[in-house]
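Protein chains: 6
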Amino acid sequence: MTTRCIIQVINPNTSQAMTETIAAAARAVAAPGTEILAVCPQEGAPSIEGHFDEAIAAIGVLQQVKAGREAGVSGHVIACFGDPGLLAARELADKPVVGIAEAAMHMATLVATRFSIVTTLPRTLVIARHLLHQYGFERHCAALHAIDLPVLALEDGSGRAQQKVREQCIRAKQQDGSGAIVLGCGGMADLARELTLELGIPVIDGVSAAVKMIESLSALGLSTSKHGDLDFPRAKPLSGMFSHFNG
Amino acid sequence: MTTRCIIQVINPNTSQAMTETIAAAARAVAAPGTEILAVCPQEGAPSIEGHFDEAIAAIGVLQQVKAGREAGVSGHVIACFGDPGLLAARELADKPVVGIAEAAMHMATLVATRFSIVTTLPRTLVIARHLLHQYGFERHCAALHAIDLPVLALEDGSGRAQQKVREQCIRAKQQDGSGAIVLGCGGMADLARELTLELGIPVIDGVSAAVKMIESLSALGLSTSKHGDLDFPRAKPLSGMFSHFNG
Amino acid sequence: MTTRCIIQVINPNTSQAMTETIAAAARAVAAPGTEILAVCPQEGAPSIEGHFDEAIAAIGVLQQVKAGREAGVSGHVIACFGDPGLLAARELADKPVVGIAEAAMHMATLVATRFSIVTTLPRTLVIARHLLHQYGFERHCAALHAIDLPVLALEDGSGRAQQKVREQCIRAKQQDGSGAIVLGCGGMADLARELTLELGIPVIDGVSAAVKMIESLSALGLSTSKHGDLDFPRAKPLSGMFSHFNG
Amino acid sequence: MTTRCIIQVINPNTSQAMTETIAAAARAVAAPGTEILAVCPQEGAPSIEGHFDEAIAAIGVLQQVKAGREAGVSGHVIACFGDPGLLAARELADKPVVGIAEAAMHMATLVATRFSIVTTLPRTLVIARHLLHQYGFERHCAALHAIDLPVLALEDGSGRAQQKVREQCIRAKQQDGSGAIVLGCGGMADLARELTLELGIPVIDGVSAAVKMIESLSALGLSTSKHGDLDFPRAKPLSGMFSHFNG
Amino acid sequence: MTTRCIIQVINPNTSQAMTETIAAAARAVAAPGTEILAVCPQEGAPSIEGHFDEAIAAIGVLQQVKAGREAGVSGHVIACFGDPGLLAARELADKPVVGIAEAAMHMATLVATRFSIVTTLPRTLVIARHLLHQYGFERHCAALHAIDLPVLALEDGSGRAQQKVREQCIRAKQQDGSGAIVLGCGGMADLARELTLELGIPVIDGVSAAVKMIESLSALGLSTSKHGDLDFPRAKPLSGMFSHFNG
Amino acid sequence: MTTRCIIQVINPNTSQAMTETIAAAARAVAAPGTEILAVCPQEGAPSIEGHFDEAIAAIGVLQQVKAGREAGVSGHVIACFGDPGLLAARELADKPVVGIAEAAMHMATLVATRFSIVTTLPRTLVIARHLLHQYGFERHCAALHAIDLPVLALEDGSGRAQQKVREQCIRAKQQDGSGAIVLGCGGMADLARELTLELGIPVIDGVSAAVKMIESLSALGLSTSKHGDLDFPRAKPLSGMFSHFNG
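Residue numbers (our numbering), protein chains in the order written: chain C, 32 to 278; chain Y, 32 to 278; chain F, 32 to 278; chain L, 32 to 278; chain S, 32 to 278; chain G, 32 to 278.
Hints are computed from structural coordinates only; laboratory data are not their basis. A hint or two may mislead.
Because identical chains share one entry, a pair is satisfied inside a single copy or across any pair of copies.
Stated by the list, open to error - Taking lysine-lysine and the DSSO-like style, the derived pairs with C-alpha atoms no more than 30 Å apart in a straight line are:
#: 1; residue 1: Lys97; residue 2: Lys195
#: 2; residue 1: Lys195; residue 2: Lys257
#: 3; residue 1: Lys267; residue 2: Lys257
#: 4; residue 1: Lys267; residue 2: Lys97
#: 5; residue 1: Lys257; residue 2: Lys97
#: 6; residue 1: Lys267; residue 2: Lys195
Using the sequences and the accompanying hints, generate a full structural model.
Laid out in structure tokens, this is it:
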């Protein structure tokens, strides 16, 4: 069975460079019949490193989901490790929506009994911890690590952040007793495949994982349930800067 | 010790009527030295009944928190039972921030071994369930009930929604084995005291509970921790409709 | 990117009819580049309805995994809802192994906040409950139901079991507040797509879900981690009826 | 609204010095309309450092609660970090009863995503761990620490215990990734405010927190629920040393 | 190996009739080398039906444990379903201490995947629920039931309470999907064996179960650990009615 | 009451030396009326160090349980720390079945608030972790340790493995804050009593613990529940190497 599939990959921050990193990672694994539509909000935050940034980013995500739905995409990926706006996006969409933290964590539990997470700033660890709990994977995560560099250091061209990610992954493999590592930032999407080869254990990027999840759901004929909790938002007139969501 | 205290009570929806209900409930319990500053966003959703509505509302909450902080308030209450934007608001604030779901649930565990929740639409139950889990109270909640009327039915003047709340509370007392009931909507704030008297068990409104929580934290000299997870958002240029958050 | 993929779908019981049902469900969703190799043990139990049956079935699963590995398959599906022998199979394999309970539950959490399970005999519910717990999804499952017919009733040609599954799914949708339903038996694999259409909510079959999971892992270059817990079994001489596992 | 309030603060041990420390901490935060009635049992243990000591202390607490109720107080604080006799006291009381461990932990979750506990002897950590679990805060506590000095070292006038508390708080801030610290002994009540200032994070004393909790419940018109689990003890003739509880 | 063993079975209430019921149940299962020393406090409550009663009972339990230790017994059973004073008793004892709720629950998990509890008054259910949680068995308990008669109804000679226990056990077997039933009161100790035969499933009495646990620990050379949490209470002068605990 | 009891102690691996170690440990604690029937499978794995080994071993365990049942034994012990085939064996048996991990963990919770586990290879830790979770004891276990030697090193006569167990137990006592230690391998059964004496804390062997559990259940008249989940396997023709299970 061929699956004809257009996947909207939404980078929730406004960084064009990161959108391209993410788009490349998505395209590298997309099936022949899949088209990747990589987008980012026109308004918002250049990087997402906390709850405030996530609240801002969620609006951009929702705008893109609305646009993607109108364009008839087959599914949506939220390509920031905090999965900002995930449940709200599922209400808005009639197709599947998958976050990259969610996708990476799910995949990790299929290839290892426990995994470690390597992310950017220590302050984002609390978000990862909450997601582990929400998704049910708190017992599958052996440890969380932060390289203590901001998200955009991954885009500064120096390779310093990438080197710190690599070193932290090696330490995590040696010390945590984990069988796999989850990369905790969309901006690390390009590192997974080579680190998997170098370290000899699965190092998992959520962007590519989420693309395969959407392709899978699409091929299975499964979409976000519109029965109950995730039904479309109740119709009501939004005002001001949100009025473009109306209609 | 007298505590001089200005509490910003933020109704996250744009309903003026509900803002007044909430303000009245807040003022009814405020200490002599406390001033209640009841506000609602100028832009947003007229009621909040799902994750999408919450994402929209979070922006309005954050705008108000920023304004409140600039006005030098002593603390902020988020007066919608989903506590939208709570952790983001804590990042933005240097004073305490308390959500009404959180406040009501905390209070309930102090007066009963288990409580029931009575809320509006069934689709909002998932939000309450997630909060119970996030706050650690899932084992303290015996049951969740929805009256199956939208939030704004509480403001239609007919009293029909109020009557359904009352009936559901009576049933919950009889059937759940709960010692207390938590009212699951800011628009029910005016019902708690009379239902407490009628039913003979604590029926708890989060708005008034949160006001006392802020007064308490303020008197104790405790503010949102700026060490680690809830530190101020990292400085970064927000663009477009979010640029007013800059500076 | 095209993924060239041979997926070994292992029916852990010895029923040829059920192996064909499963094979058909697998082929119906396989990507163009995917070949489905449907097998069942030559020795074992004709159906799996308890822990004893699962222990028997696990040996057959492991024999097939060994054979599949020698044949160079890209991944293995364990097509019985108890996922018998899953972690043992992961030790034996160098490619991914996915169970159908696992796959269906993961998929369900991506399209609904809570799901219901509909399975065959009441005595198998305890197995499903243990898996929910092991995988981390106990809070995502609203209810478990049994139609109270044995597994092979699904293969008796009368359609009676299928009718009971359908009725139970309808009741579950109405009563549990679940957004999706997971079918709890490999023998129900052919029912998912039409029930999804009829009920208007995702009704999920694990066989097809697991096939897409293996395709996804394969395309992502992710295999069972051989670091730590799931490393190949330590070399040791097995005796008697197990000696064919040696070498 | 002015709240006229008499709060009985019960030090469960018989140390007069500690009762005074506790009374001072209570008075320092009490609202203008609040009177603090600090008491301790006439019979019992001079300090509470284990389950046996707690069982002894519970009787003294209950005697005081009975006396306080007869005196018409507005609420009761149990001022020992193990909250000895808490649920029994709630049965006996018709007004609110709050323990200081409970109060401090609740407050901590309002100002930080995770907190650390600093207490006296290592053997009391198990009690704190059980309370975290009972109250639902096990996931909100990052670490527990003991200074390895007995409770009464806090009253020996040397300041050595206070210095060890301070050092441990500093280490906890640096190492645990916690945003707040909970002081794990009523005898540390006088340290919270200055440590909060020195460390720049909320350092929380349960005595003052509990006083504000009682004031809050009182202002909200909320008392211990007498419906179900916490109803008054069933009338029955207690004999011997317990006969003074009769009538 | 013959085990010479004196087991002190402590009925925490002052009912002589119940002490005899308990003693008989203990003797009925004691090994040939085991002597049963059945005692109850001279001062305390005639029945235990809530947290207040438990706090009172704990003192009597501790007095008996002290006496038993001085008499050189091999272990102590706390024969009330709330296991009052259990951890305090373990501190005081140098031999094993087992509660009957604990013993019955442990045994139940060895013979069934899930069990139901049948107890006396609804208000005691909260105590059972807390114990399930403390011992780790909350997932092994399918349901809790109360016959809504006080404890001493079991001793009124009418057999009415016994009949209600029997009926509730039959209902529990039919409705809960449990494989075993735990009797939730020391006063039901004489019912277990006949109900086991009548219902055809294990109906478990904690008194007899705890006797076998103590015999087992004794034969294994295992006593309450005096390293750390359960070490003897720190020496300190208890005053007043507790001074007999000194020395 | 004298209990006449034949306990089948099943070593799930084929090592005769280890079967003798286990038999000796069982006999050392057996009551006068108890006969120990120590057996091991004739076909299978010489040691069990992972999930694959466990799946193999489960078949041997089930064959022995069937033989034991036909021989009329009073109960069965599964003497490998992973408790392989436990629930399947309970289906097959009409008498009690107890695993040694289960027995040791239960006993540990009766004598200490938290325990540590010391086992052989690191890869077996995941199995112990899963059992802790299944049995409900994850919060009672402070730490798990591996001596990093294979199971059969315990039988090589050098004493090196025994020495490493001893050293690890000493470290665990000092560092984990645990009151007891559980030995994580049937081959360590002979070490418990002397380590208990040397370390001064309970060091628990599951083989002897399980023997006492079976004796206890037997004396209490409690057998594996045949109501529901653990009923005998449904009659069905097993084929090939499993056909000897028929009839």
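We went through each hint and held it up to the structure:
no., hint, result
1, Lys97 / Lys195, "neither (37 Å within a copy, 35 Å between copies)"
2, Lys195 / Lys257, "between (43 Å within a copy, 24 Å between copies)"
3, Lys267 / Lys257, "within (18 Å within a copy, 37 Å between copies)"
4, Lys267 / Lys97, "both (16 Å within a copy, 26 Å between copies)"
5, Lys257 / Lys97, "within (16 Å within a copy, 36 Å between copies)"
6, Lys267 / Lys195, "between (48 Å within a copy, 23 Å between copies)"
The structure fails hint 1 only (numbered hints given earlier).
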